[in-house]
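There are 2 protein chains.
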Amino acid sequence: MSDQITDVVAYMNELGKQARAASRALAAASTGEKNNALLAIADDIDTTRDTLMDENRKDLEAGAAKGLDAALLDRLELTTARIDSMIEGLRQIAALPDPIGEIFDMNYRPTGIQVGRMRVPLGVAGIIYESRPNVTADAAALCLKSGNATVLRGGSEAFHSNQAIAASIHRGLEKAGLPAEAVQVVATTDRAAVGAMITMPEYVDVIIPRGGKGLIERISNDARVPVIKHLDGICHVYIDDQADIQKAFDVALNAKTQRYGTCNTMETLLVAEAVAEEALLMLAPAYMKKGVELRGCKRTCEIIEGCTAATDEDWDTEYLAPILSIRVVDDLDQAIEHINTHSSQHTESIITENITRARRFLQEADSSSVMVNASTRFADGFEYGLGAEIGISTDKFHARGPVGLEGLTSMKFIVLGDGHIRS
Amino acid sequence: MSDQITDVVAYMNELGKQARAASRALAAASTGEKNNALLAIADDIDTTRDTLMDENRKDLEAGAAKGLDAALLDRLELTTARIDSMIEGLRQIAALPDPIGEIFDMNYRPTGIQVGRMRVPLGVAGIIYESRPNVTADAAALCLKSGNATVLRGGSEAFHSNQAIAASIHRGLEKAGLPAEAVQVVATTDRAAVGAMITMPEYVDVIIPRGGKGLIERISNDARVPVIKHLDGICHVYIDDQADIQKAFDVALNAKTQRYGTCNTMETLLVAEAVAEEALLMLAPAYMKKGVELRGCKRTCEIIEGCTAATDEDWDTEYLAPILSIRVVDDLDQAIEHINTHSSQHTESIITENITRARRFLQEADSSSVMVNASTRFADGFEYGLGAEIGISTDKFHARGPVGLEGLTSMKFIVLGDGHIRS
Numbered sequence: 001m002s003d004q005i006t007d008v009v010a011y012m013n014e015l016g017k018q019a020r021a022a023s024r025a026l027a028a029a030s031t032g033e034k035n036n037a038l039l040a041i042a043d044d045i046d047t048t049r050d051t052l053m054d055e056n057r058k059d060l061e062a063g064a065a066k067g068l069d070a071a072l073l074d075r076l077e078l079t080t081a082r083i084d085s086m087i088e089g090l091r092q093i094a095a096l097p098d099p100i101g102e103i104f105d106m107n108y109r110p111t112g113i114q115v116g117r118m119r120v121p122l123g124v125a126g127i128i129y130e131s132r133p134n135v136t137a138d139a140a141a142l143c144l145k146s147g148n149a150t151v152l153r154g155g156s157e158a159f160h161s162n163q164a165i166a167a168s169i170h171r172g173l174e175k176a177g178l179p180a181e182a183v184q185v186v187a188t189t190d191r192a193a194v195g196a197m198i199t200m201p202e203y204v205d206v207i208i209p210r211g212g213k214g215l216i217e218r219i220s221n222d223a224r225v226p227v228i229k230h231l232d233g234i235c236h237v238y239i240d241d242q243a244d245i246q247k248a249f250d251v252a253l254n255a256k257t258q259r260y261g262t263c264n265t266m267e268t269l270l271v272a273e274a275v276a277e278e279a280l281l282m283l284a285p286a287y288m289k290k291g292v293e294l295r296g297c298k299r300t301c302e303i304i305e306g307c308t309a310a311t312d313e314d315w316d317t318e319y320l321a322p323i324l325s326i327r328v329v330d331d332l333d334q335a336i337e338h339i340n341t342h343s344s345q346h347t348e349s350i351i352t353e354n355i356t357r358a359r360r361f362l363q364e365a366d367s368s369s370v371m372v373n374a375s376t377r378f379a380d381g382f383e384y385g386l387g388a389e390i391g392i393s394t395d396k397f398h399a400r401g402p403v404g405l406e407g408l409t410s411m412k413f414i415v416l417g418d419g420h421i422r423s
Numbered sequence: 001m002s003d004q005i006t007d008v009v010a011y012m013n014e015l016g017k018q019a020r021a022a023s024r025a026l027a028a029a030s031t032g033e034k035n036n037a038l039l040a041i042a043d044d045i046d047t048t049r050d051t052l053m054d055e056n057r058k059d060l061e062a063g064a065a066k067g068l069d070a071a072l073l074d075r076l077e078l079t080t081a082r083i084d085s086m087i088e089g090l091r092q093i094a095a096l097p098d099p100i101g102e103i104f105d106m107n108y109r110p111t112g113i114q115v116g117r118m119r120v121p122l123g124v125a126g127i128i129y130e131s132r133p134n135v136t137a138d139a140a141a142l143c144l145k146s147g148n149a150t151v152l153r154g155g156s157e158a159f160h161s162n163q164a165i166a167a168s169i170h171r172g173l174e175k176a177g178l179p180a181e182a183v184q185v186v187a188t189t190d191r192a193a194v195g196a197m198i199t200m201p202e203y204v205d206v207i208i209p210r211g212g213k214g215l216i217e218r219i220s221n222d223a224r225v226p227v228i229k230h231l232d233g234i235c236h237v238y239i240d241d242q243a244d245i246q247k248a249f250d251v252a253l254n255a256k257t258q259r260y261g262t263c264n265t266m267e268t269l270l271v272a273e274a275v276a277e278e279a280l281l282m283l284a285p286a287y288m289k290k291g292v293e294l295r296g297c298k299r300t301c302e303i304i305e306g307c308t309a310a311t312d313e314d315w316d317t318e319y320l321a322p323i324l325s326i327r328v329v330d331d332l333d334q335a336i337e338h339i340n341t342h343s344s345q346h347t348e349s350i351i352t353e354n355i356t357r358a359r360r361f362l363q364e365a366d367s368s369s370v371m372v373n374a375s376t377r378f379a380d381g382f383e384y385g386l387g388a389e390i391g392i393s394t395d396k397f398h399a400r401g402p403v404g405l406e407g408l409t410s411m412k413f414i415v416l417g418d419g420h421i422r423s
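These protein sequence lines map, in sequence, to chains H and G.
Counting in UniProt numbering, the first sequence runs from 1 upward without gaps.
Counting in UniProt numbering, the second sequence runs from 1 upward without gaps.
Keep in mind that the hints were calculated from the coordinates and are not lab data.
Keep in mind the model is a prediction, meaning the values are calculated, not measured.
C-beta: ideal position from N, C-alpha, C; glycine also.
A few of these clues could be false.
Simulated pairs of lysine to aspartate or glutamate, EDC-like, Cα-Cα distance not exceeding 16 Å [said to hold, decoys possible]:
no.: 1; chain 1: G; residue 1: LYS247; chain 2: H; residue 2: ASP418
no.: 2; chain 1: H; residue 1: LYS247; chain 2: G; residue 2: ASP418
no.: 3; chain 1: G; residue 1: LYS229; chain 2: G; residue 2: GLU217
no.: 4; chain 1: H; residue 1: LYS298; chain 2: H; residue 2: GLU313
no.: 5; chain 1: H; residue 1: LYS229; chain 2: H; residue 2: GLU130
no.: 6; chain 1: H; residue 1: LYS298; chain 2: H; residue 2: GLU277
Far from chain G by the CB rule (all over 12 Å, computed), these chain H residues [to be verified]:
no.: 7; residue: ASN36
no.: 8; residue: LYS58
no.: 9; residue: ASP74
no.: 10; residue: ASP244
no.: 11; residue: GLU337
Bound conformation, chain H alone (with noise of 0.2 Å):
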């Protein structure tokens, strides 16, 4: 398949240029055409699940050919479980609120009109991802639901598999009277198709990366059309001195070890002088027990045995691994100026009872998500509510935090009059 695409720039081109007409089908499609299509392709998964995991051990035998390491190949295999989920996430996404056309705040102006704000998709989003199949049945519902169009590229070792969802995908828009072209599935292992796809601002209006930070880099670089974008996670938990200590021994442990390969999970523990040594010697062993290394500034290492010096990297690293930098600090204003100044802009947490340390907090931490007393590995689209995620974005521009359907969608202004002029 791959091989008979000779000219990339003009495939993608095509692609976009179908992207773009579908994408006005789309706009203009009801919540339960748009529905429909969501639970045929669900459903269309169901009953050819048998040629979809064929299709998948093709790409895992390739993917052992090559010597894909044991990580890649998990993530690249669909297990009956895993196409379960799919199929399961396809419906709860047709389950939720349909964000498009929602119109708000309608007021009267003093001339007569009345003007308000309506919900419209983006338009064609393109979706560039690792070798995980099942976002692209993901990726492809969040985007139909949110009434935009979508190209996706997947990563080359999972070829097969999105090639058979795409037909599944294909199989559900027609059912449901909506055009093919509404998801597109690249079917090329080029690299040349991802240049074109960023660099196409008359057909594809988002570009959204998902995948290494490297990835993620080249990508925002080089784009000429806005990326939503996720670089890194370096979140921080700050124990204020007039926090209630089991409260910081609960979150800061949480927030490091209930898992440590996620964006969300603590990297630094900034902990207020005043309490630092009833603290730490508290959480120290907790940590060890479970085989976090532990890095400290000069203050936390006399107080925690067996903790090595923190160097000035520490601060500016996200480790996804069990390992923690804690920093002592002499009060919310230091925790503040570090936060703002390591922090990756995703997540911070506070522990403190005072309202007045809380109330500073929430305004001043500069981060996509901002908690009081919380686990920072609540920060994620599932559980704020959004019904989903397709990423966590650590820009301020558009969407900030956990983008669900809504940072699909951008506003239009409406205006409705009566034969009003302007004066």
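With chain H's structure known, arrange chain G on it following the hints.
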């Protein structure tokens, strides 16, 4: 002044660094502090208006010597009335509600955490604009109210006027206890300053260019920072076959002739075939009486005597002049198709008494403002009740349509718990 700065990139980096630091203070500033600063700036401009007019005279004399045309010189001039209106603008912005810190959508989740959102500033805005000194005060005021630091780079012809306004702004900020670096006016006319400003994502969060299409396109292409931009205003009015013909006449005449040089002026009139003769025979003499040149499709030319044939280029042209292109279309479908092909996604209006047609037009016309029975000339931040306007965005990403204070903000998630951890 300008010639004292030899290393423009280093200078802009310094401004950027100071702006970033000041933006932290502004984000934490209270509504009262920001309002006090705005009122103090207004008072300072009022009491130092003689100095300001002297500095403005220097610019006018230099401009005249350089041979600037009358229109440019007019825009450059700070008359007493314009200074009054600048002062009044500052006071109006002080009187607007503060968008920053607004908390909304707070809901309890099944886990017990409470999740909502808080409106926060974007951070640092870079404004690039033509030689209209009043923009210096307007743009600075909108950014200040929305908690953003600004770096302003006005047209070189207004150099002395802008520096005088900057001095008032700095005195006002200091009087209110806010850092003077919250608003910085670039003190060099070297064009390299623009190139530097739009490629400092570490210091600048958004670029807002105001000026000619060429400038805006260049900035958009070269920027490494998000841009809120406004290119063309190719606006349409569609007269449906179920229009009230008197309303159609009023709106179509007003949308074209109330002012010719504004971006929300209608450039193309679409008329349904069934009412084309009636509508155009009413409208044509009225347009001609006002000196509007009519360029029509074949059918239009059959109806209107003295109409010249429109070329393909006409449908994609923003005249900003007493010229109107007219096309007779079959029906609403063809009107929407024409608009979504040729519009610059600024503003479109349908004239109809039919609610089903109106609903379809509102949903399917893919522009930043979509109207029913109202003149496109209403597309404006003041008319919409935003209180002020920093520009009109024809993009879909982040801000769309007239951009007021809200478009200069972002939203972060806030989470309140009581020691909640994720299980």
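Going down the list of hints, with the structure as the test:
The suggested pairing of LYS247 of chain G with ASP418 of chain H holds, with an alpha-carbon distance near 7 Å, which does not exceed 16 Å. Between LYS247 of chain H and ASP418 of chain G the CA atoms are separated by roughly 7 Å; this keeps the pair inside 16 Å, and the hint holds. For the hint linking LYS229 of chain G to GLU217 of chain G, the alpha-carbon distance of about 9 Å falls within 16 Å, and the restraint holds. Distance check on the hinted pair: LYS298 of chain H and GLU313 of chain H sit about 15 Å apart at the alpha-carbon level, within 16 Å; holds.
Restraint check for LYS229 of chain H and GLU130 of chain H: satisfied, since their Cα atoms lie roughly 14 Å apart, inside the 16 Å limit. For the hint linking LYS298 of chain H to GLU277 of chain H, the alpha-carbon distance of about 13 Å falls within 16 Å, and the restraint holds. Residue-level check passed: ASN36 of chain H sits 19 Å from the nearest beta carbon of chain G, beyond 12 Å. With a cut of 12 Å on Cβ distances, LYS58 of chain H stays outside the contact zone with chain G, its closest approach being about 37 Å.
Residue placement check: ASP74 of chain H keeps its beta carbon more than 12 Å from all beta carbons of chain G (closest about 23 Å). Its closest Cβ contact with chain G, about 7 Å, brings ASP244 of chain H to no more than 12 Å, contrary to its assignment away from the interface. For GLU337 of chain H, the non-interface assignment is contradicted: its Cβ lies about 9 Å from the closest Cβ of chain G, within the 12 Å cut-off.
In summary, the structure is inconsistent with hints 10 and 11 from the numbered list given earlier, while agreeing with the others.
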